[in-house]
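Read top to bottom, the protein sequences are chains D and P. Sequential numbering of the first sequence, starting at 1, is according to the working numbering. Sequential numbering of the second sequence, starting at 1, is according to the working numbering.
A hint or two may mislead.
Footprint (simulated), chain D over chain P, 3 or more residues, beta carbon under 8 Å [what the hints assert, rightly or not]:
(1) 50 to 64
(2) 135 to 143
(3) 157 to 167
Read the hints as simulated data drawn from the structure, not as lab findings. Note that the coordinates shown come from a computational prediction; the quantities given were computed from them, not determined experimentally. All residues carry an ideal CB built from backbone N, CA and C; glycine is no exception.
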Amino acid sequence: MAMAASSRLFWASRAAAYLRISTFPRAFSTVLKDLKYADTHEWVKVEGDSATVGITDHAQDHLGDVVFVELPEVGSSVSQGNNFGAVESVKATSDVNSPVSGEVVEVNEKLSEEPGLVNASPYDKGWIIKVKLSDSGELNSLMDDEKYSKFCEEEDKH
Amino acid sequence: MAAAGLTRASSAGRPLMRLVTMSGAPILQQLHLEERLLRTTGDNWCIINDGTAPPTIVMGVSGRVSELVEIQPVLRDQVPVVRRFSGGGTVIVDQGTVFVTFICNKAAVAGLQPFPRDIMTWSDYAFSQLKFGGNAQSITKNRWVHHTSFLWDYDVKNMDYLKIPKRAPEYRLARKHTDFLCRMKEYMPSRSVFTDGVITALREQFLVEPTDIETVLSDDDAFVPSTKLLSEQDLEEIASSKESLHRV
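Take the sequences, apply the hints, and build the full model.
Laid out in structure tokens, this is it:
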């Protein structure tokens, strides 16, 4: 005997809330609650004046299998909205833009041997750089998870 | 009148595309130009370079030299090896190669989504399983480059400088170059028929404006392209040791 649809939905959103992921009617990609998002599909996780940056699930899904990640040098500076590296997939190399400004303090060396981590674990093991923030006020211009989800939906409509 | 102005039916609705035509320009120079146009301008560009000299090996951004190139013959014969800024495979280009490059604002090409996917599904150029052109893309925030090297003709001997890649698209089927490539000159009467045809097709979608390359190579010396020519030292280091994680 099947559960009523509304009941299923109720439990689904309870589970989602517990796991801290957003649900939305056409849930193609995962969007995490605690992160901030740029309209170029990068995410940033802020802890004090330190930030971790990567590309979103939506981005990795559209790019396809990542075969190479071009990383910046540790010590180089990044600025909000500008490219700091690139991701190669199939035949396209796509810029990765930084959602924040600051100094690169660490890069994910594992991506040299395992670029596929960007696809398999875009918010966790597939992180790309860590930045010491120079201006946390910039975070206000980024989207939260809900805004970003809607943004992706709109983009996919075209 | 106001309503008519909003439709795209008239020729006034076509976006501008600047056309640069060259012949025999070195591929390193062409790639530097492309990077500069991509990153420092906001115009749409079409670059046609009919043939290049000297014969040069051009690798994608992530290729491992030791896996893709026969380094000893390359060093012996002093064949230049260039690493370009876009992804994709390794080619050897020469006077028989015709290059067509598009650099566009994402909004310029109607019907293409402003995301990589559509561009990446542009299929390889082939006449029934035999490839006559290879292409690659590079995508920035608001613009992209789609560049192709067309094999008007090629020298079989040159292919010996390239290894059969381990990581290759399905259509390759581990075939040697001579088994999966063909020459456009066997299918078309002349190079200019091809290049004129490209320009004619462009005019259907764009307002094409021939642009002098000199006006393009202006003052911006601050810009540093990432396409680079590998030095003899780079190649010797790769030949003598296992290629490290830090690719050249």
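Hint by hint, here is what the structure shows:
| no. | hint | in the structure |
| --- | --- | --- |
| 1 | 50 to 64 | holds (count 3) |
| 2 | 135 to 143 | holds (count 7) |
| 3 | 157 to 167 | violated (count 1) |
The structure shown violates just one earlier hint, number 3.
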